[in-house]
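Colleague: Kindly generate the complete structure, drawing on both the sequences and the hints.
There are 2 protein chains.
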Amino acid sequence: MDWNITETNLLAPHDIDRQGIKLLIGNGYIGYRGTLEEFTKGQKTATIVSGLYDKVGDQWREPVNLPNGGFVQVFYDGVGLNALSSKVIAHTQSIDMLTAIHTRRTTFETSDGTQITVCSRRFASLARQNLLCMEYSIIANRDCSVLVQEGIDGDVWDINGPHFDKITSSVKDGILSLEAITHEKLIPVVVSDTIAFSEQNKVTSEEVDILTDQISIFRNFRISHLNKGFTFYKFISHVTGMDDSAPLETSQNLGQGACKQGFDSLFAEHTALWKQRWETCDIQIDGDPIAQQALRFSTYQLLAIVPLNTEHASIPARGISGQMYKGAIFWDTEIFMLPFFTHAFPQIARNLLLYRYHTLDGARRKAREYGFRGAFYAWESQDTGVDACTLFSVTDVFTNRPLRTYFRDKQIHISADISFAFWQYYLATGDETIWTDGGAEIVFECARFYASYVYYSPEKRRYEILDVTGPDEYHERVHNNAFTNRMIAHTFDICLFLSTHLQKFSPDFYEHLVNTLNFEPDLDLVAEIAPNLFLPDSAPTGNIIPQFDGYLSLENISLKDLLARKLNPNEYLGAGSGLATTTQIIKQSDVVLMLYLFSDQYLFDTKIANWEFYEPRTEHGSSLSACSYSLIAAQIGKVDYAYKYFLKTATIDMTGEGKQYVGTLYIGGTHAASNGGAWMAAIFGLCGIQCLGETISINPHLPEHWSQVTLPFWVRGQKLRITITHDQVTVKPIIPLTELLSISLGEAVYPLHSTGELVIPFSGTNSPK
Amino acid sequence: MDWNITETNLLAPHDIDRQGIKLLIGNGYIGYRGTLEEFTKGQKTATIVSGLYDKVGDQWREPVNLPNGGFVQVFYDGVGLNALSSKVIAHTQSIDMLTAIHTRRTTFETSDGTQITVCSRRFASLARQNLLCMEYSIIANRDCSVLVQEGIDGDVWDINGPHFDKITSSVKDGILSLEAITHEKLIPVVVSDTIAFSEQNKVTSEEVDILTDQISIFRNFRISHLNKGFTFYKFISHVTGMDDSAPLETSQNLGQGACKQGFDSLFAEHTALWKQRWETCDIQIDGDPIAQQALRFSTYQLLAIVPLNTEHASIPARGISGQMYKGAIFWDTEIFMLPFFTHAFPQIARNLLLYRYHTLDGARRKAREYGFRGAFYAWESQDTGVDACTLFSVTDVFTNRPLRTYFRDKQIHISADISFAFWQYYLATGDETIWTDGGAEIVFECARFYASYVYYSPEKRRYEILDVTGPDEYHERVHNNAFTNRMIAHTFDICLFLSTHLQKFSPDFYEHLVNTLNFEPDLDLVAEIAPNLFLPDSAPTGNIIPQFDGYLSLENISLKDLLARKLNPNEYLGAGSGLATTTQIIKQSDVVLMLYLFSDQYLFDTKIANWEFYEPRTEHGSSLSACSYSLIAAQIGKVDYAYKYFLKTATIDMTGEGKQYVGTLYIGGTHAASNGGAWMAAIFGLCGIQCLGETISINPHLPEHWSQVTLPFWVRGQKLRITITHDQVTVKPIIPLTELLSISLGEAVYPLHSTGELVIPFSGTNSPK
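Protein chains in written order, with the numbering used here: chain A, 2 to 770; chain B, 2 to 770.
Think of the hints as simulated: they come from the structure by calculation, not from any bench. Keep in mind that the hints are not guaranteed to be accurate.
[Unchecked claim] Distance windows between CB atoms, simulated:
1) Thr-437/A - Glu-521/B: 52 to 60 Å
2) Glu-613/B - Ala-247/A: 58 to 66 Å
3) Glu-613/B - Pro-459/A: 50 to 58 Å
4) Glu-556/B - Asn-516/A: 40 to 48 Å
5) Glu-556/B - Glu-512/A: 43 to 51 Å
6) Trp-4/A - Glu-556/B: 53 to 61 Å
Cβ atoms here follow ideal geometry from the backbone N, Cα and C, with glycine treated the same way.
Modeller: Structure, rendered in structure tokens:
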């Protein structure tokens, strides 16, 4: 039961958006929203292909929504059966997370009292990334006939479309195809639809009518004796010119091959792969079915959207659940999603990181655009690394005018976030090749960017980072944002570490890289700046770290009182003169996130003081926020809060409580960073696991009702199983260790044996018994 | 006729505010608005005393409006005769600028057809600064009687009052007095009213009733046989505890003395002093009565409001015409008013400058408040130099919320403006004592402030001035504002000049000052920064000097199109997300003002290119703006524009076309900077006079219809008369020269003889014939 996410409510319009996200299926290449087969663009049907973007006119660049090959409409007596508009007796819609299959079962009652039930199962094949497979069954409670229309609906939902300049349809060997070309880069896109019938009920090709208009192609056929039931299968292939030179042919061949292999066999190969995945990453939480389901759901979402076997795509902020947020990759991936992949699928983490290497030139161009050198990564990155972020990102509710925001220009921490992620991956995996395969070049270029950005104050005798926006986007263009300065200092540190490390261990590579980049002078500059960079957290006032220069002298108002000042529920609290800008109310964790990312550098007292200071001042206007508060809450012994914020993070796509609209703009979709943040909150927070290189520190803070947590954990190329209860930590290598590892708990450190189980009993206060 | 400013329209309510300003009288200590004697606070009667401020609660600090001692109300048959509400047959109201006397003459027709004419004359005595004198006459066209009520109306107009905590009235020897105490600093304020009757018509004390309520005191008396006419005199004295220890007694004595001396004698001594003033500064423009009147009017306004014989007050932005703009002193004084005084009344200029010395401690405190050293002068300065500027200075018309503005925190050019003014005064007068009497200390402290403000970019190898607001307040918090950087460079230059100059000529003073200020290390710092300070004007792109970093990439929209975007006529174009903030539209001259202030450092081509670039982009939302455009227009040969902008500047208080309200806040009042700017535009612009120390450069650009301009001109302690025609410049010392001077015109330089007249003929292109 834990593996099922089921909705049994009769559908109402407001459920459509939420279920479209919650019941999404995906294989990392295709994302298909959890809509029903008879739905069209009004219900936001979407087939998103990872890495395919398009831009029309002055509108922003966004993912392309492919023609919907999953379309099926059953007509009874000339009237389409539709879960939204027809009389529905019963309806369930669910996903099985274990096999990533979407199931729907709806019983309609027609005007003459006939009950017709349609069931479908569909999955995005994990074995064949271009393929979506569907089984569709119809049965009636009496002998009757229906007309089935199925095919490819090219009239798709777009935020800033239409993205296809021309669509042409074709039929070959019974395979329907729609071929189209994207507007901006003229990339061909083909969707093909091949159907097959079950042994029991065949429809001959003569009984099928093919209909096409300018943008869609459908197949109509009539089914009689419906009381006996009828089943058919659809194999929808999606091929683009991005990775294929003859997409139409490939698409048709894929359909033909699928048809030959059959649904059951395709499902079996798909299922086997998903089960392998889960074995590698599934966490068991005993004593808390809600948390168990929520964490599993978060994991499912991450697995459904992460690109497979490519370094050329990463995970957009809204996954592949639509065109929202421009399908752009933010820092979300590096800071909030990467830890899960690092410890469950290190190779995938590596691919995600190297996506940034393939977009490094875009970052170099952006730095130059703003008058700097090095790499200034896109705030919103797509396929090429060009920044998709617009300068006016929010609409003023009072004047309906676009508001200037400084996400693109001033959120310079993005480059440091990426460097940080490389470092964390390196620490957790020990993978030296990450540096030579691109990581070192990235870190050097990011360090160079910051070296060209800093200013020196002769008055204060220190380097400062001026005019930036930190994670808290309600306060733009501030000086010495604690988070940003700390992150930049870290980039400098990695840069200096690498210069020594590579010189020693990869001297040829190092020499070549430094020469190619002409990095020697910048290395000197970094060495001069690094020890003299101002860190606002190094001498906090009464333990409170000011988020930026002057933050503490802003108006100190409660969140409740601030929100009471709103004149319009949708008004944005930031930008030019938003309500929060002159107050201490922040959008999301900023200092607290920093305290987490550099946990070992801050004292317990500093963490508790700042958590307590900033928590009531945080609006959590971003879905990234709750997870940091959970993580630090766990560290400072506020397990109740840690649990509360963990659940908030883990259930965001289940409850659909995240913001769905900003003004009239739909921004819903899966919250990949929250999904990753849920894993972090559970493992790094409540389980208290921290990877310090060869040593794994485990200081659990389990909620009382969690009797036991068991998890697989990849670290330094070793696969462990960790089991945590309220008085014992057990660590066992799943395969014999090839590297020495040790476990620390409290002040004690225990070496891990190559094969044997290590059991560490401890008392409630995390000190070994 | 040129000396008269007369209004003959029957008064309508909307005239009241305008005439209150236009027909103001003042002697630099008392400012009395051009309202009528029967008017009360509804018509904004105001008696403002220079340098007296008060603050109530959280409201801002503003000048105190004294009880109105000029009140007279005539009742006919129990009904008050009021120019606004009664039937008026004829009305004129005027000032004679030559003698600074206000005259009104109104003929009322009563309900029974009787015509009653009241005439009054009043002046603020230039000989006795506390005294306002009035002659009041009444005559009817038939034998009738009226009741006269006159006295002190304590129910005053306030923007943020009431400023008196208690008011007490008293009568002594027929002198009515109101005594009150200010709210904040408990300063006693006394207004006394003494009356006298003409020889022909006496009223005995028995015939007078004295009435008082809590806040006012009046004298009632009846006059019969009004067909014979009746005249009485009021002597109103205003004394405060700021400069008198027994203000009640002093006030009474002043009244008694005035009464004894009599109106005519008081008027004679007053008139003599005003005539002396005009002889020193009056400019004759032949061929253009409109320009003549406007320039004279501008001069009159400056003379009426400039404080007399004190270094402890300066000229507020709205003069002493009310409580508007908090009665605060802005950079307006140093940049736009000081030149007139320097060349007409150098001693007054010196006083105005030294006001900044007496407020230096306030500037030091402000610098410390913001984390800097040295002197950061108040953006809005009052008596003590504490900054009266609020952080939220504008109200958003859409939400009615206060908008955060950065006038106070970021308009750091104020300190450099003040240093600049000292330098200009020094250049024009040669007065070495200005440095030792405070100027040097100010310049050093301002330079120190900037030295503590700058940042060094290792990338660009230069010092920069970040996060400032220049004169164009529509673009706040910009980097490297060309004007600000140039001004700061100038402060550094004066500082370095003084360190050499004083070391040589006043070594003891210098040593003492440097030791007292511990200025040696800062001097080194200034010497290091000065040559490496980034000046955006030093390498302009295609001759256009970018107003600040990134200015040229802002939206290039026409002013007309920008204004068409307005949704509310009163919406502010700056602050957080005002319409202008993301465009190239600027509030007022910024680069163009810089080009003027450093005229000799820019090429003709640079001036013309930037004038033509910025002129269409300037909204002239500030009354300071037009004058700079006039000045540069004259230099680049656009005499039509120079004349147009001169007239706009010179007539602002005559036409009343300046902004009167921002939202519901009255901001009208005299525009002292425009008054001074008119003088600059005429003398420095159209007449082309520029003081370069011992050499005076004269390159006239007279409008065609100006046949001749004659002006007195103080320079380097010498008094000259300069006469300019279209083909000849004549310079004659009014008193024999005590210092060598020369005149340059075009490329040629002519020494001036001690007594003789120098005549320089020239052709239209400014080159000597």
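Colleague: Next step is simple, just say for each hint if it's right about the structure.
Modeller: Consistency of the hints with the structure:
no. : hint                              : verdict
1   : Thr-437/A - Glu-521/B: 52 to 60 Å : holds, 54 Å
2   : Glu-613/B - Ala-247/A: 58 to 66 Å : holds, 59 Å
3   : Glu-613/B - Pro-459/A: 50 to 58 Å : violated, 39 Å
4   : Glu-556/B - Asn-516/A: 40 to 48 Å : holds, 43 Å
5   : Glu-556/B - Glu-512/A: 43 to 51 Å : holds, 48 Å
6   : Trp-4/A - Glu-556/B: 53 to 61 Å   : holds, 54 Å
In summary, the structure is inconsistent with hint 3 from the numbered list given earlier, while agreeing with all the others.
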